[in-house]
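Residue numbers (our numbering), protein chains in the order written: chain Y, 1 to 113; chain D, 1 to 117.
Hints were generated in silico from the structure; no laboratory data involved. Glycine included, each C-beta is placed from N, C-alpha and C at the ideal position. Honestly, I wouldn't trust all of these hints.
[To be verified] Derived, one-sided and incomplete: chain Y residues facing chain D with beta-carbon distance under 7 angstroms:
1. 42
2. 46
3. 48
4. 100
[Unchecked claim] For lysine-lysine, the following DSS-like pairs were computed, each having C-alpha atoms within a straight-line distance of at most 27 angstroms:
5. Y/56 - Y/68
6. D/13 - Y/3
7. Y/68 - D/13
8. Y/105 - Y/41
[Unchecked claim] Which chain D residues stay away from chain Y? Per the calculated CB distances, all over 12 angstroms, these:
9. 3
10. 19
11. 43
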Amino acid sequence: ELKVEQNPLFLSMQEGKNYTIYCNYSTTSDRLYWYRQDPGKSLESLFVLLSNGAVKQEGRLMASLDTKARLSTLHITAAVHDLSATYFCAVGDSGGGADGLTFGKGTHLIIQP
Amino acid sequence: KAGVTQTPRYLIKTRGQQVTLSCSPISGHRSVSWYQQTPGQGLQFLFEYFSETQRNKGNFPGRFSGRQFSNSRSEMNVSTLELGDSALYLCASSLEGAEVLGANVLTFGAGSRLTVL
Numbered sequence: 001e002l003k004v005e006q007n008p009l010f011l012s013m014q015e016g017k018n019y020t021i022y023c024n025y026s027t028t029s030d031r032l033y034w035y036r037q038d039p040g041k042s043l044e045s046l047f048v049l050l051s052n053g054a055v056k057q058e059g060r061l062m063a064s065l066d067t068k069a070r071l072s073t074l075h076i077t078a079a080v081h082d083l084s085a086t087y088f089c090a091v092g093d094s095g096g097g098a099d100g101l102t103f104g105k106g107t108h109l110i111i112q113p
Numbered sequence: 001k002a003g004v005t006q007t008p009r010y011l012i013k014t015r016g017q018q019v020t021l022s023c024s025p026i027s028g029h030r031s032v033s034w035y036q037q038t039p040g041q042g043l044q045f046l047f048e049y050f051s052e053t054q055r056n057k058g059n060f061p062g063r064f065s066g067r068q069f070s071n072s073r074s075e076m077n078v079s080t081l082e083l084g085d086s087a088l089y090l091c092a093s094s095l096e097g098a099e100v101l102g103a104n105v106l107t108f109g110a111g112s113r114l115t116v117l
């Protein structure tokens with residue numbers, strides 16, 4: 001059974017600081033996703049990572065994937081208040097089969113001025 | 001371009017009742033997935049439909065069922081509601097079925113928030 005663990009689950013940080021959210025998963029996978037959810041809203045796709053060593057960046061967010069370590073990171077650079085949200089990683093089973101994604105519990109991020 | 005549309009957005013039911021939730025995917029998307037989100041269990045996969053066929057099902061009891069129509073619209077049904085079914089039910093659509101690597105980026109709807117009293 002595929003398990004996905006995120007840490008930390010809760011993070012309060014100040015504007016301007018850097019921080020990293022970690023996502024570990026238990027079995028081989030060929031696709032990893034990062035999503036953002038604002039309070040009371042739906043999930044917004046941020047990144048799709050498909051291969052070992054993949055790195056994607058959008059603004060102050062950068063995601064990377066190490067398939068050998070079964071680890072993905074979401075790095076926040078010089079955080080701003082607008083990045084406050086809950087961030088989820090999600091992993092698909094290996095083989096690209098028609099299995100649903102397994103989500104982590106989410107990291108609730110609060111960025112204070 | 002319209003996004004994924006879910007109806008109703010909010011509903012309140014009592015134990016023992018049944019509920020039907022509807023999802024209209026993005027035009028051209030043929031895969032529709034359903035997820036349940038609760039504070040305790042987080043996001044859990046319910047089922048996925050592609051071309052009117054259920055291709056996979058998560059670990060939920062048979063009270064949870066769904067279907068997909070020829071226009072890709074999908075419905076899910078929960079019968080004999082229990083208090084623990086209170087949750088945000090999210091529908092997501094994607095352009096291709098999951099067999100196409102990398103193409104299975106899910107676009108989520110706003111969700112249907114179900115409260116069971």
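Status of each hint after checking the structure:
Here the hint on residue 42 of chain Y is kept, as its CB sits about 4 angstroms from the closest CB of chain D, short of 7 angstroms. Checking residue 46 of chain Y against chain D: minimum C-beta separation of about 10 angstroms lies over 7 angstroms; hint violated. About 6 angstroms separates the beta-carbon of residue 48 of chain Y from the nearest beta-carbon of chain D, less than 7 angstroms, and the hint is met. Among the interface hints, the one on residue 100 of chain Y holds; its C-beta lies about 3 angstroms from the nearest C-beta in chain D, closer than the 7 angstroms criterion.
The suggested pairing of residue 56 of chain Y with residue 68 of chain Y holds, with an alpha-carbon distance near 18 angstroms, which does not exceed 27 angstroms. A distance of roughly 32 angstroms separates the Cα atoms of residue 13 of chain D and residue 3 of chain Y; the hinted pair therefore is violated under the 27 angstroms criterion. For the given pair, residue 68 of chain Y sits about 47 angstroms from residue 13 of chain D by alpha-carbon distance, which is inconsistent with the 27 angstroms threshold. The suggested pairing of residue 105 of chain Y with residue 41 of chain Y holds, with an alpha-carbon distance near 16 angstroms, which does not exceed 27 angstroms.
The Cβ of residue 3 of chain D does not lie farther than 12 angstroms from every Cβ of chain Y; its closest approach is about 9 angstroms, which violates its non-interface assignment. Every CB of chain Y lies more than 12 angstroms from the CB of residue 19 of chain D, the least distance being 19 angstroms, so the non-interface label holds. The claim that residue 43 of chain D is not at the interface with chain Y is violated, since a C-beta of that chain comes within 12 angstroms of its own (minimum 4 angstroms).
Checked against the numbered hints listed earlier, the structure breaks hints 2, 6, 7, 9, 11; every other hint is satisfied.
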